[in-house]
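Asker: Line by line, the protein sequences are chains A and B.
Those letters in the first sequence? Residues 1369 to 1673, by this note's numbering.
Those letters in the second sequence? Residues 290 to 396, by this note's numbering.
Calculated directly from the structure, the hints in this document are not laboratory data.
Fair warning: there could be bad hints in the mix.
[Claimed, not checked] Below, in silico cross-link-like pairs of lysine to any residue (SDA-like), each with a Cα-Cα straight-line distance of 25 Å or less:
#, chain 1, residue 1, chain 2, residue 2
1, A, LYS1641, A, ARG1452
2, A, LYS1641, A, LEU1539
3, A, LYS1641, A, ALA1571
4, A, LYS1641, A, LEU1564
5, A, LYS1641, B, HIS348
6, A, LYS1641, B, THR359
7, A, LYS1641, B, ARG320
8, A, LYS1641, A, TRP1626
9, A, LYS1641, A, ALA1549
10, A, LYS1641, B, GLY346
11, A, LYS1641, A, VAL1631
12, A, LYS1641, A, ALA1629
13, A, LYS1641, B, LEU356
14, A, LYS1641, B, PHE347
15, A, LYS1641, A, LEU1610
[Stated by the list, open to error] Stretches of chain A that chain B covers, calculated by requiring three or more beta carbons in the stretch to come under 8 Å of a beta carbon on chain B:
#, region
16, 1396–1408
17, 1499–1511
18, 1627–1636
Ideal Cβ positions, reconstructed from N, Cα and C, are used throughout, including at glycine.
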Amino acid sequence: MSLLFDAALCLLLVAGALGVVTARGARRAVLAFIGYGLLLGLAWVRLDGLDVALTEIAIGSGISGVVLLRAVRAVPEAPRPGTRPLAALLSVGVAAALSVMVLALPEPAPTRAHDVAAALPATDLGNPVTGVLLVFRALDTLLEKVVLLLALVGVWALSRDPSWSGRPAPLSSEPASAPSAFLARVLAPVGLLVGLYLLWVGADAPGGAFQSGAVLAAMGLLLLMGGQIRPPRTSSPRLRLLLLAGPLGFLAVGFSGWATAGVFLGYPPGWEKPVIIAVEVAITISIAVTLCLIVLGPPSAEEGT
Amino acid sequence: MTGVTLFGLAGAILAGCGVYGLLSAGGGLGRILGFNVLGGGVFLIFGAVARRGAAAGFHADPVPQALVITGIVVAFCATALALALLVRLREVEAGPAPDDGKRETER
């Protein structure tokens, strides 16, 4: 029965992917991509990757979807070329080669789960994925925060000179309608609570900084769409402090690791859990604000407003 | 055949679809979407590998899963930056904006 469900899900995924790459019109392709991302999240649930499923749905489908839909409006419709036999042949070749590799995976499967299980009790964390992200592979996570920040710097750098340090353009040109303002007022507090819960529970159950940051960013966007808050000035020192809190806090803990644990990004012995939670709170704030600002795009309003 | 292998094979086919989108798209937006579909397929293969590595009381190997979470966020960064470049390119091609005109003619 569950195999039947998996097979149906796989067929839907392939249909979704084909829909994205063969859709007529950019808007249709983007809508197909959002659906494809949701199906991919469901596949991750079936593969027992709940943390990944949450991230895929929140960031890979949700926030990416908003950025893509905004871009569709600004980019002209590209002419759709006919089917490309050579490209199709090459793609089938890639899919076939990867399939052969999937079928030839070694048995028994190599795994690092034993290493994680052996080292996890020292961190006092219950969620192994959070343990890998924030302790065993903390360098990856630190660099990823920097990549997120660099992406925002790249987006801001595309603004026109006169509007640099101004405000990003609002999400819609006309004032927010009453229903969307009402929705923002009612849903934002609930969403804020859900985001904070995901952050708190992430130490022991699926959830964590990325998932929480994405939910909080979505609530920020909802407030912006409902006209409850204005896009911030990109030159605001308070905003920049929020953006830098995560990467700099993580770096500070990393450097102090030399003094307390004898290694870069080491946590002070006996204080692992509180320090990890503090780092998670700092990076969640930065992720939420950075994601929100990446969606808003480069500053465009004039100085005086 | 188990469900895990099935998802691995689906990942392989999705990667193929992504390559086709990347090669055949007429505009930048289509290529960015193809790149993301390709990424989703590769991540799904990672998911099958992680699920096969279930051991020590975990339902799946947490190391590949953590790598995929990092990968999703980095792919989002690349996508957002590429889209911002695409939008800016469109603005430049459409001609200088009125408030930017003086600056353009001074050169």
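Asker: Look at each hint and say if it fits the structure.
Answerer: Here's how the hints hold up against the structure:
1. A:LYS1641 - A:ARG1452: The given pair, whose Cα atoms are some 55 Å apart, is violated under the 25 Å limit.
2. A:LYS1641 - A:LEU1539: Outside the cut-off at roughly 39 Å; violated.
3. A:LYS1641 - A:ALA1571: holds (9 Å)
4. A:LYS1641 - A:LEU1564: The hint holds at about 17 Å.
5. A:LYS1641 - B:HIS348: holds (23 Å)
6. A:LYS1641 - B:THR359: At roughly 21 Å apart (the allowed maximum being 25 Å), THR359 (chain B) and LYS1641 (chain A) satisfy the hint.
7. A:LYS1641 - B:ARG320: violated (43 Å)
8. A:LYS1641 - A:TRP1626: holds (18 Å)
9. A:LYS1641 - A:ALA1549: Not OK: LYS1641 (chain A) and ALA1549 (chain A) at ~40 Å, beyond 25 Å, violated.
10. A:LYS1641 - B:GLY346: With a Cα-Cα distance of about 22 Å, the restraint between LYS1641 (chain A) and GLY346 (chain B) holds, given a limit of 25 Å.
11. A:LYS1641 - A:VAL1631: Roughly 17 Å separates the two Cα atoms, so the pair holds.
12. A:LYS1641 - A:ALA1629: Roughly 14 Å between the alpha carbons, so the hint for LYS1641 (chain A) and ALA1629 (chain A) holds.
13. A:LYS1641 - B:LEU356: Given pair LYS1641 (chain A), LEU356 (chain B) holds - Cα atoms ~22 Å apart, limit 25 Å.
14. A:LYS1641 - B:PHE347: holds (21 Å)
15. A:LYS1641 - A:LEU1610: holds (23 Å)
16. 1396–1408: holds (count 6)
17. 1499–1511: holds (count 7)
18. 1627–1636: With 0 residues in contact (Cβ-Cβ under 8 Å with chain B), the coverage given for the region 1627–1636 of chain A is violated.
Checked against the numbered hints above, the structure violates hints 1, 2, 7, 9 and 18; every other hint is satisfied.
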